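**Student:** Given next are the chains, with one letter for each unit.
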Amino acid sequence: MSELLIKNAVVCDPINNINCVKMDISIKDGKIVESVSSGAKVIDAGGKLTMAGGVDGHTHCAGKINVGRFMSPHDMRMTNVPGLSGKEAPTATTRAQVGYNTPNAFAIGYRYAKLGYTTIGEAAIPIIGARHTHEEFEAIPILDKFGLTLFGSNWQVMEYIRDDEPEKLAAYVAWGLKASRGYGIKIVNPGGGEAWGWGKNVSGLDDPVPNFDVTPAQIITALAETNEKLNLPHSIHLHCNNLGKPGNYETTIASMKLLENLKTSRDRQAMHVTHVQFNAYAGTSWRDFESGAPQVANYVNSADHLTFDLGQVIFGPAMTMTADGPVEYANSRMLHAKWSNMDVELEDASGVVPITYSPKMFVNAVQWAIGLELALLVDDPWKVMFTTDSPNGGSFVNYPEAYTYLMSAKRRTEVIEGLPEMALGRMNLPGIDRELDLYELAIMTRAMQSKIYSMDTKGHLGVGADADIAIYDLKPDSIDTTVEYAAVKKAFSSTAYTIKGGEVVVKDGEIAMTPEGRTYWVNAKVPQANTDAMQVDLAQKFKRYYTVNQANYMVEDAYLPHPVEITTEAL
Amino acid sequence: MQTVTLSLKEKNAVPIEADSVNTDNFASKPKDEIGAILVWYGNAQVAVDDLFDVVVDGFGSVDEMKIIINGDVSRVKRIGQGMSAGEIEINSNVDMHCGSNMTGGKITINGDADSWVGCEMKGGEIVVNGNGGYYVGGGYRGEACGMKGGKITVTGNVRDYLGEHMCGGEIVVKGNAGLLPGISNNGGSIIIEGNTTMPASEMMKGTIIIKGTVLDFLPSFTEDGTEDVDGVTYRKFAGDINAGGKGVLLIK
Chain A
155 MSELLIKNAV VCDPINNINC VKMDISIKDG KIVESVSSGA KVIDAGGKLT MAGGVDGHTH
215 CAGKINVGRF MSPHDMRMTN VPGLSGKEAP TATTRAQVGY NTPNAFAIGY RYAKLGYTTI
275 GEAAIPIIGA RHTHEEFEAI PILDKFGLTL FGSNWQVMEY IRDDEPEKLA AYVAWGLKAS
335 RGYGIKIVNP GGGEAWGWGK NVSGLDDPVP NFDVTPAQII TALAETNEKL NLPHSIHLHC
395 NNLGKPGNYE TTIASMKLLE NLKTSRDRQA MHVTHVQFNA YAGTSWRDFE SGAPQVANYV
455 NSADHLTFDL GQVIFGPAMT MTADGPVEYA NSRMLHAKWS NMDVELEDAS GVVPITYSPK
515 MFVNAVQWAI GLELALLVDD PWKVMFTTDS PNGGSFVNYP EAYTYLMSAK RRTEVIEGLP
575 EMALGRMNLP GIDRELDLYE LAIMTRAMQS KIYSMDTKGH LGVGADADIA IYDLKPDSID
635 TTVEYAAVKK AFSSTAYTIK GGEVVVKDGE IAMTPEGRTY WVNAKVPQAN TDAMQVDLAQ
695 KFKRYYTVNQ ANYMVEDAYL PHPVEITTEA L
Chain B
2 MQTVTLSLKE KNAVPIEADS VNTDNFASKP KDEIGAILVW YGNAQVAVDD LFDVVVDGFG
62 SVDEMKIIIN GDVSRVKRIG QGMSAGEIEI NSNVDMHCGS NMTGGKITIN GDADSWVGCE
122 MKGGEIVVNG NGGYYVGGGY RGEACGMKGG KITVTGNVRD YLGEHMCGGE IVVKGNAGLL
182 PGISNNGGSI IIEGNTTMPA SEMMKGTIII KGTVLDFLPS FTEDGTEDVD GVTYRKFAGD
242 INAGGKGVLL IK
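Residue numbers (the working numbering), protein chains in the order written: chain A, 155 to 725; chain B, 2 to 253.
Think of the hints as simulated: they come from the structure by calculation, not from any bench. No experiment lies behind these values; they were computed from the predicted model shown. Since no wrong hints were added, every one of them can be taken at face value.
In the DSS-like style, the derived pairs of lysine-lysine whose C-alpha atoms are separated by at most 27 Å in a straight line are:
hint, chain 1, residue 1, chain 2, residue 2
1, A, Lys383, A, Lys605
2, A, Lys492, B, Lys247
3, A, Lys492, B, Lys206
4, A, Lys514, B, Lys149
5, B, Lys247, A, Lys514
6, B, Lys10, B, Lys30
7, B, Lys149, A, Lys241
8, B, Lys123, A, Lys514
9, B, Lys123, A, Lys241
10, A, Lys492, B, Lys123
Chain A on its own, in the form it takes in the complex (with noise of 0.2 Å):
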């Protein structure tokens, strides 16, 4: 039994609608309780900023960010953010730290935890490649984290949404969350990555998929009814149709209007859209090219289905990785830079490049300015996840950074001076003066998150919540976020102290101690008849076309050592 008290604490907990109050935390066994007795350890924050420890949503940090270092093994000696990039030697409690986009899985660890979030998110799984994903989950130390399972272009789904047997596709998909022990639905470019098979893509909502004879906008639909049939946590997380390319706003707001009659389960959205940042392009060619972000922000602000997330660009190298095999492709092609492509058997496709944004760039300017711009329109921050797509956008070291573009107007204006001419007349951001606050801040990186994925004991400071808490060394009665956002930058690259599960593991901005994060997953479940009924078109897929058997396919308990199952009955 341990009990800690920090107090003199200045609490920002929007889901318990505390706005920056000076207040005192007790945590008992991990846990934020009512009171601790006078026996317990005190922490005096001393009137700092005190947030739920961060959750990041959506990042790339087990998985596929593997093929990213094996591209870039010069990665691991940049050192573009001080501090928390470049090479670290070994000390008496972190081991070794190499790597700014693609750090290695301890730096991943070590490197959130700094920033003050203790959670996050693999944002793509393949069922066939989870295992591996779960060894990294495990070497990356501090955090606890999940992960989504891609399903947006898996033949067996596919199948059962052509022959119309939802209740075959709810046994399937329930299935290979639990083969992959994922979290939730990721749809990446729904069909796009079998379209891919073929060298072909998809081109909109009622393109069919090769052989399928299904459209990108039925499998949206159908693994959106059967998330809600499994009662899953998390709504599907979707990555729109034709990302990367001028003018598919329509394409993602025409997505977005898919749901806008689902009834969900759960208190929770319908769907949740990804980096949209890179789906909010208007134009018809790179020529005239322009932000599509106040039509996308409109059409979000109408809406009250969904949530999505930034996809922020942060100027610099970054290394783009995603199951959309043929954006990959065009983009190694445009940038005549390296390319990595995957076939993931059945399941879906996958891509590796390597990209620079320069602010000199019009192209790249303008993307940087249309995720600001999503974020500063949308006028209800708890529809608002802040990403970089992590490190498709950039490094999640930058996010200190980025926050400061979020809070400061004239912080984006210094940087929108930089900007080439032709740029600032296809952005709106300049003439956009919200600054947010550090409330709003907390929504957007933590509080937000804890209803998108239903994650009650994550991303708040309430009673029964998990004790993580970020402690920052900037007072906010005494700062003014939009002037000083030195200040603020640097108090949110290392936090004064990084509290996880109860114990202290930053602090004055180093690692103090290095526990195991625990990995969440759900076990959705379905009738017994349902899933053998499934089994025998499964056995089928394994007998004649998968290199692996369905014994060698499965994660297993072992790879697990930390879970947290969370599960669910279907509807």
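For this one, chain A is given, so just place chain B on it according to the hints.
**Tutor:** Same frame as chain A, now just chain B:
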């Protein structure tokens, strides 16, 4: 003028990484301070004077600095790494990464240089009075650019991947070069006076002149008349067209 003479006491079996042995680090320091500078000896750091006899003559800034290295340093890596001025003279064969990342000054190697001599070099000059290994003037794995400036002269032969990913500067090889010199070149110039095999693959920019015989000439170049350089007429090729390159390859 300051001259520092390092003489290796005993040929080392365990590799030495001597990236701290460079003119910038030695300049304006007395003998005991130079002797106390640490180098990696296997997985441990030891002082320079544990491994070398150190003689210091005079006193001066880095511009007036000369380091003379005697003894068999063929297993001493990274000598002169990152130096900006002054001179190093090595009277022996030398191990990998000699003069890597240097920005100025001159290194003379009176012997053979192992692989990666002058890799990622940005300025200054390296003269190898002997043979060069693999990746002379090459790049770090994954980086877009190898050598960006300065000049490397090799009086003997070099092995494969000469000037790999080179983006600037000049390399002259008096002897033969191995496979794939100038691979993925993106600027700068290479002169090979001897023979070589499959030059300039995936070349985007820059100039490569080959005075000897070319074996296995790649088909992905277009012939574009002739060009005279220093009174010699060469056949001129442009490519590598497979990569959309606009490099110039001159062959006698």
